[in-house]
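Modelling step: build the complete structure from the supplied sequences, incorporating the hints.
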Amino acid sequence: MSSFHSASNTNTALMAERVLDQVMSAGATGDLIVDEGETISLKACEGELEEYKVSSSRIFGLRVIKDGHIGTAYSEAVDADALKSLVGQALNNASFVKIESHENILPNSNQLKTDDNLLCPQEQVSIDQKIQMALEVESKLNAMDKVKNVPYNGVQDIFSQRHIFSTAGLNALTRSRMCASYAYALVEDGQKTAMQGTSQVSRLFSELNASSVIENTYEKCIGLLDGKPIPSKHYDVIFDTECQVSVFGVFSMMFSGKTAKDGINPMRNKIGSAIADSRLTIFDHPLNSDGFGYHLFDAEGTATEKSKLVIDGCLQTLIHNSATASYFDTHTTGHAIRGPKSTLGVNLHQVEIARGTEALSSLHSGEYLEVTDLAGLHSGANAISGDFSFGASGYLCKNGERIQAVRGITVAGNFYEMLNKISMIGNQQSWDEGRSALMPSIRFSDVAISG
Amino acid sequence: MLNSQTAELVIDHALSLGADFAEIFIEKNETNVVSTLSNEVQSVESGINFGIGLRLVYGSKVLYGYTNKADQDELCRIATVLAAKDLRDPVSSTKFFNFNQPTDIHPARKILSIDAEIKSKVAYLMSADRAARAAGEKISQTRGSCMQREQRIEIFNSDGLHTNDGRNYIRANLMAIASDGTEQATGSWNDGGLLGWEIEAGINPEQTGEAAARQALVNLTAKPCPSGRMPVIIGNGFGGVIFHEACGHLLETTSVAKKASVFHDQMGEMIASSIVNAVDDGTMANEWGSINIDDEGMPTQRTQLIKDGQLTNFLVDRIGAQQTGFARSGSGRRESYKFAPASRMRNTFIEPGDAKLDDMIASIEKGIYASHMGGGSVQPGTGEFNFSVTEGYYIENGKIQYPVKAATLISTGPKVLKEISMIGQDFSLACGMCGSISGAVPTTVGQATLKVDDILVGGNA
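Protein sequences, first through last, are from chains A and B.
Read in order, the letters of the first sequence are residues 1 to 451 in the working numbering.
Read in order, the letters of the second sequence are residues 1001 to 1461 in the working numbering.
A portion of the hints provided could be inaccurate.
[Stated by the list, open to error] Below, a list of computed lysine-lysine pairs in the BS3-like style, where the Cα atoms sit at most 27 angstroms apart:
1. Lys233(A) x Lys1415(B)
2. Lys341(A) x Lys1110(B)
3. Lys1061(B) x Lys148(A)
4. Lys148(A) x Lys1259(B)
5. Lys233(A) x Lys1223(B)
6. Lys1138(B) x Lys1028(B)
7. Lys341(A) x Lys1415(B)
Don't read these hints as lab results, they were simulated from the structure.
Written out as structure tokens, the structure is:
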């Protein structure tokens, strides 16, 4: 992939210069995001390679600001005519939009570049080795007791690059690589069936471990095969890391300066107030390079830093880009997000919840429900009101021991109220499978379960 | 978009590498989205997607690659990379391309390439906002959008197929937010179709605003939903998402061929209550999930999935036909050139019956009337599904008692199909986006209001 980098980047910089020259000639300012990627994706079926996908892609996304009006346009066609049309479309779109005095191209002429050795390490690995792993995961899982098949599985090697240019002179480049292996197996025992899966990611293919994907997937499937509903009542609940990260993700708009500006963030007037149990502390930590949410800079080229979101249950700040910061008369927190096809927004990079004090023995004391699978995460949640109702599976546990597999239940409540119903926070943190967030186990009390 | 000579050279090259079948899918689409926040234009976004997907088939193995570049060298390079592990002597040769222009059964007039009609869309959304606000003082905000897309596709394959098609999509929606100072609730309305902005003539902005506001105001007063197993009446239109999730996905050969569907070996068997008749139909004029040809170039069709409770057809794409032996149903679909096609739904619905809503409600001692449904998901291997209720009411002693919030319906496809006991007459369709193995494609769901005798309702009362 190295030849792709050098040839493509020279070309990209020249095209970006032409685009931004046209923007300035029209009396506007602007910034241009160029996303490029190369992916190899493999899937196996019954011991044979079923799908082999290779791709290369490039997309230009332009934002222009003219007389206070903002317009965006994107193009995957990058010939001279297409790029000229890109500028014309963005300017035309801007002419219909209200004046937004808070959104400007930052006077940022930094030359920024992430460390390829850290985020995009190279290694000698052949396509044969990747195929071998795809086949191994599928065939070994398929051969295990009660496994009917492994309908969804794969190995991926994804290289992605983002280049941001602006009329102020910003030139920011980040490249990253992600290798992944995943498998979802269907197990069957008479009339009983269960389908579960796990995944693993790494920046190096050689660090992927087929055995652990096989073992974790099998354990998850077999564990839930005998699952059945439990009586409807309120239980103490511990979400596994995967589910807990998902639930916090669904309600992450509670930190958004953009939704606060739009008037729909229920936390918009609660900065400085207690919004959660006093033992809960939440950061956004984009500079932790162990995770895939690592960001050295945001979509406006602003340097990122570790942000204190909630300290001892008290909301410290909302997250901002330069426009929402200007609206609230504060500083950007380096949380600007923008894709080539989207307008400027804000988003968390990599959430970290501080570890608590409880050892596993006390966290797992007495009866509680361990939730290991949630369904309907987006359709079943209303981030504005906090209400949610999800399908769930897991285990009824007693003193750390799984005493019954549970399926066919729902877990429901109000997330913002649940933040005040924290019973305990564990003293160990762990990453989710996608390494997007780092959290300790949290035990919530009094959660409505229907079975 | 790609000249025939280049296509022939690329396909010849792919076949020279030993592929059984080769296909080139070229796509260019233009999109425009107008978004409003209350009575202001929040953004206007537009763009062009362009790319080419190349699919090679060796036996049951699919090799797929895509690129944004349209030159012969790049396409041949991708073919060579894809085939590197499967090289063998040629087993077939390209047939002479026979261009076939499909009949346009979904004509559109006000299409994006003629005029994005931004002023007209803004006026529509502003009127809808005013109507929503007029519906009640507690409506604090609206969010509206109009998305319009013009997709052009061209397909060549080694069977000699050369065809192209144009698809014009339009979708409008409005979300209203109601607030009483402490709590917020939402309501929404949306409509769309495979046509141009002429859809405006059939969507009244006042009705749009009132519908979204009414739901938001109802939800603001909703109480926590009782939970447990109970009968549920599922509303018409988007209520059809239950069939889409519980059954439709399980009838796609993508799942059937892998035996990852509970229905994979039940062709001809009774899989539903005898009053259930279900159809997947790509031919319905200008409907959101309609097509002229599928993304493998086959003319679309109407496919009867279930007749009087009996499974009669699967949804079959080219690879699915090869793997299962069932005939293709023109169901090979993909989000874009970035995906290999897979068997997917189009306009999928349960046909209407003769029951009345009042009779359904009167028949329930304790249950839920889910008049409007949200999205959901299904696990094809087990048929387990969930979906959310966006507007629901608690029923007791045959009467509606009060609105409920945060309700989820949980069951399995095979079970719920057999639990349908009454189907109404008020058939309607609703549009949505369906995400699956070949990306997100426009699909329509539909049904008349129907009663399911036993579903697990998740609530927090």
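- Message: What's the verdict on Lys341(A) and Lys1415(B), does the C-alpha distance respect the 27 angstroms limit or exceed it?
- Response: Violated. Lys341(A) to Lys1415(B) sits at ~42 angstroms, over the 27 angstroms cutoff.
- Proposed proximity, Lys1415(B) with Lys233(A) (alpha carbon, max 27 angstroms): holds (24 angstroms)
- Query: Hey, Lys148(A) versus Lys1259(B), does the alpha-carbon distance stay inside 27 angstroms?
  - Reply: At roughly 8 angstroms apart (the allowed maximum being 27 angstroms), Lys1259(B) and Lys148(A) satisfy the hint.
- Message: So if I understand the rule, the pair passes when the alpha-carbon distance is 27 angstroms or less; does Lys233(A) with Lys1223(B) pass?
- Response: holds (18 angstroms)
- Could you grab the alpha-carbon distance between Lys341(A) and Lys1110(B) and see if it respects the 27 angstroms cut-off? holds (24 angstroms)
- With a cut-off of 27 angstroms on the C-alpha distance, tell me whether Lys1061(B) and Lys148(A) pass. Holds, at roughly 20 angstroms.
- Query: Can the restraint linking Lys1138(B) and Lys1028(B) be considered satisfied, given a maximum Cα separation of 27 angstroms?
  - Reply: Roughly 44 angstroms separates the two Cα atoms, so the pair is violated.
Hints 6 and 7 from the list above are not met by this structure, while the remaining hints are.
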